[in-house]
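Line order of the protein sequences matches chains A and B.
The numbering used here numbers the first residue of the first sequence as 235 and each following residue consecutively.
The numbering used here numbers the first residue of the second sequence as 3 and each following residue consecutively.
Calculated directly from the structure, the hints in this document are not laboratory data.
There could be a bad hint or two in this list.
Straight line, CA to CA, 27 Å or less: simulated DSS-like cross-link-like pairs of lysine-lysine [as the list claims (entries may be wrong)]:
1) B/Lys135 to B/Lys117
2) B/Lys117 to A/Lys395
3) B/Lys135 to A/Lys251
4) B/Lys22 to A/Lys251
Treat the numbers as computed from the prediction; the structure is a model and nothing was measured.
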Amino acid sequence: MSGWQTLLYKEILRFWKVAFQTVAGPVLTAMLYLLIFGQALESHVKVYDRISYTAFLVPGLAMMSLLQNAFANSSSSLIMSKVMGNLVFLLLTPLSTINWFVAYVGAAVIRGLVVSLGVFAVSALFTELSFVAPLWIIAFAVMGATLMGALGLIAGLWAEKFDQLAAFQNFVVMPMTFLSGVFYSIHSLPPFWQTVSHLNPFFYMIDGFRYGFFGVSDVSPWLSLAVVATAMILVSTIALALLRAGYKIRG
Amino acid sequence: MSAISFQSVSKTYPSPRGPKGSTFLALDRVSLEIEEGEFFGLLGPNGAGKTTMISILAGLTRANSGQVSVLGHDVQVDFAQARRCLGVVPQELVFDPFFNVREALRFQSGYFGIKHNDAWIDELLSSLGLADKADANMRALSGGMKRRVLVAQALVHKPPVIVLDEPTAGVDVELRQTLWQFIAKLNKQGHTVLLTTHYLEEAEALCGRIAMLKSGRVVALDSTSALLKSASSNLLRFKIDSELPKALADKARVTGRIVQFPAHDALEVEQYLTAVREAGLVARDVEIRKADLEDVFLGVMNKNSGSADMEAGQFSDRSPPGKLAPSGGSAVGEATSGEAIS
């Protein structure tokens, strides 16, 4: 294995060794949402014709779990290495900026995909799943996870304490994922909140992802693709620039 | 070609105490050349800039000006090659709690792109007395064992230049012996070794050349033997129970009840002892000993105490009891974490 492959493997092993916490836990949480919201709202909410509310909910929950876990993986790995001081072992190596980026973001993408696959696998027990356009599903899953893995990298570099990272997670990532249309179609919102939702990049990730399952969405999947790709490139560029500058890791 | 080269290197940090925006000069135009195969010692009080120099060398921090290279590879421009040539044992006892010893060493090899490194890893483990700990989780190891793993991690890629930043701070005698035997062997095989330490005895025993650093400047640089020769002479050492008169105390190095005078010949010894007796004091446990590196070190540090920095006080002759180790000097101050930001 070359240098970046070793780091990628180490990052995967890092979360896999505690898979109960990093994979099984998030899957269980998503299932609880599915059971409780699905049970409570099944007969009250109809988003699209011919699609049950529970079926509508599954892709949203899978994407939400994917995004949150991709973010959690790179950010918590970095902050732990910083706080423990063992980041020095990496800083002493000839690994380049690109190597770091590929390894950290790659592991984040893999964790995100593993968790969302887990959500689908368990969901299949409760409801029928459909996969109308698999390529769209894969594209949005990979781009969303890359975006959040890179965002986690930035947050992990920036944060000096677990506290600051938790703030980033609770005040930025959580609200943006919850308010992105996981549990509802934004067409059911008042016009003002529809406009606000359109400014949230997370909305496009969920909406585009869902299009791959049902072939219907709130906005065109091409628009979603453009927004998500732009956000992904922007965030990745910032993450690479911070890594290159050694932001908060090389004095 | 030099194994390690510092050319007019300066580094400032934001001052932690002063007003906002003020800076602290950690290194002031330091130049130093270390040749291939040398065993080189970098000495200096806490905050002198030793760790800053090593951090710049290792690419952990960047110099504000000047150039640093390892075997001709600039540490910024040609960082990948420079880091391949360099094995650094960090000062802090850090580890990754997710892995066992062998995994940690395999990963470290992998970061350098080295495959199938188990033969060398096994050799490192047995040389450092870690063979039976290979499968132990890092968390389960004692401090001394963790230190050994740090040394092994620094050497997985067989670097020609080895840097040890206070590797024996707070470790037991056995590890010190094992470690120094191993490092001395590597040095004999041609590896260049750069060592920072607080234990002057170690530097005296191991290093061929020594640089003394103070307030970010090199204040002495010579072979160990030449430095020892430069120390004036022998020392008259005794204990007393009450304070010396000021006239005498000014000429002596006083550490609690221990008094030391530099003495060139028997006449001087007699004069000092007479003066003590006439002051109504009793000198006990009188002995005459050879000057060692600690005396050189203290001499150099005092000579350069013109700048009114905090660290200087710690090494002045007026040190309060306990600040300096009594006689023979196994330690100059304790290794503290007060070193310049690492």
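Against the structure, the hints come out as follows:
1. B/Lys135 to B/Lys117: Given pair B/Lys135, B/Lys117 holds - Cα atoms ~22 Å apart, limit 27 Å.
2. B/Lys117 to A/Lys395: violated, 35 Å
3. B/Lys135 to A/Lys251: holds, 20 Å
4. B/Lys22 to A/Lys251: violated, 44 Å
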